[in-house]
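J.: What the sequence shown shows, in mature numbering (1 follows the signal peptide of the UniProt record, and there is no 0), is residues -29 to -1, 1 to 159, in sequence order.
Take the hints with a grain of salt, since some may be wrong.
To be verified - Here are the computed distance ranges between Cβ atoms for each label pair:
#: 1; residue 1: Ile91; residue 2: Gln71; range: 27 to 35 Å
#: 2; residue 1: Leu(-2); residue 2: Val34; range: 44 to 52 Å
#: 3; residue 1: Leu(-2); residue 2: Leu(-24); range: 29 to 37 Å
#: 4; residue 1: Val(-4); residue 2: Leu(-24); range: 26 to 34 Å
#: 5; residue 1: Lys81; residue 2: Val101; range: 27 to 35 Å
#: 6; residue 1: Ser(-5); residue 2: Val34; range: 52 to 60 Å
#: 7; residue 1: Val34; residue 2: Leu(-9); range: 27 to 35 Å
#: 8; residue 1: Pro94; residue 2: Pro114; range: 26 to 34 Å
#: 9; residue 1: Pro140; residue 2: Val119; range: 28 to 36 Å
#: 10; residue 1: Pro100; residue 2: Pro120; range: 27 to 35 Å
#: 11; residue 1: Ile36; residue 2: Ser(-5); range: 57 to 65 Å
Rather than coming from a laboratory, the hints here were simulated on the basis of the structure. All residues carry an ideal CB built from backbone N, CA and C; glycine is no exception.
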Amino acid sequence: MARIMLDQIYFMAIVIAKVCLMLISVALAAAEEDKKTVEKRGLYGLGYGGEGLYGGELDHGKVAIAIQEKPVAVPVPVPKPYPVPVDRPYPVKVPVAVPQPVPVPVPVPKPYPVIQTKTIAVPVEKPVPVTVPVKVPVPVPAPYPVKVPVAHPYPVEVPKPVPVVVKQPVLVKEPTPVFLKAYEHFGH
């Protein structure tokens, strides 16, 4: 079932591609035909730089036009502008004399510290020298016994060598067989 659906989709895609290619080729052919007709008709009559083959450069001349102007007197008088007074209320600043005050020295009370001396009677105790016996511990050198090292006889051990028998094993060399792995070589 799925195989049939895939075949149908594939077939439809091929048909759509063919139709698109046909439409594109028709459009390109029509465009080429339009270009050919325009080029053939425009060879002689559309004026590419001159009058085709019949005139060369006859149209490229210049025409000069001269206009002469003369002042004409106007018999009618023309009114000219003149100043007209207009009342507009506008405040005008007028200088007014302002009295300037004269600086006068004025005494200003300023507080300041005043030192006042005042004597106050205060009883002061005066120390009187009195002899008081005080026991002060003073180290007094006293004789004490001192130990002096004196040479005294003391016992000393004298080493006396005594022969002691120590058993030592005797090594005897005995041949023992050793197995070596043999490698086989071809031809030997």
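J.: Work down the list of hints and note, for each, if the structure agrees.
T.: Hint by hint, here is what the structure shows:
Roughly 58 Å separates the CB atoms of Ile91 and Gln71, a value that falls outside the hinted 27 to 35 Å. At about 48 Å, the CB distance of Leu(-2) to Val34 agrees with the hint of 44 to 52 Å. The supplied range of 29 to 37 Å is met by Leu(-2) and Leu(-24), whose beta-carbon atoms lie about 33 Å from each other. A beta carbon spacing of about 31 Å between Val(-4) and Leu(-24) agrees with the range 26 to 34 Å that was offered as a hint.
Lys81 and Val101 have their C-beta atoms about 59 Å apart, which leaves the hinted 27 to 35 Å range violated. Taking the beta carbon of each, Ser(-5) and Val34 are about 54 Å apart, inside 52 to 60 Å as hinted. For the pair Val34 and Leu(-9), the supplied restraint of 27 to 35 Å is violated, since their beta-carbon distance comes to about 59 Å. A hinted range of 26 to 34 Å is violated for the C-beta pair Pro94 and Pro114, which are about 58 Å apart.
The hinted window of 28 to 36 Å between Pro140 and Val119 is violated, with their beta carbons roughly 60 Å apart. Restraint check, Pro100 to Pro120: a C-beta distance of roughly 57 Å breaks the suggested window 27 to 35 Å. The beta-carbon spacing between Ile36 and Ser(-5), approximately 58 Å, falls within the hinted interval of 57 to 65 Å.
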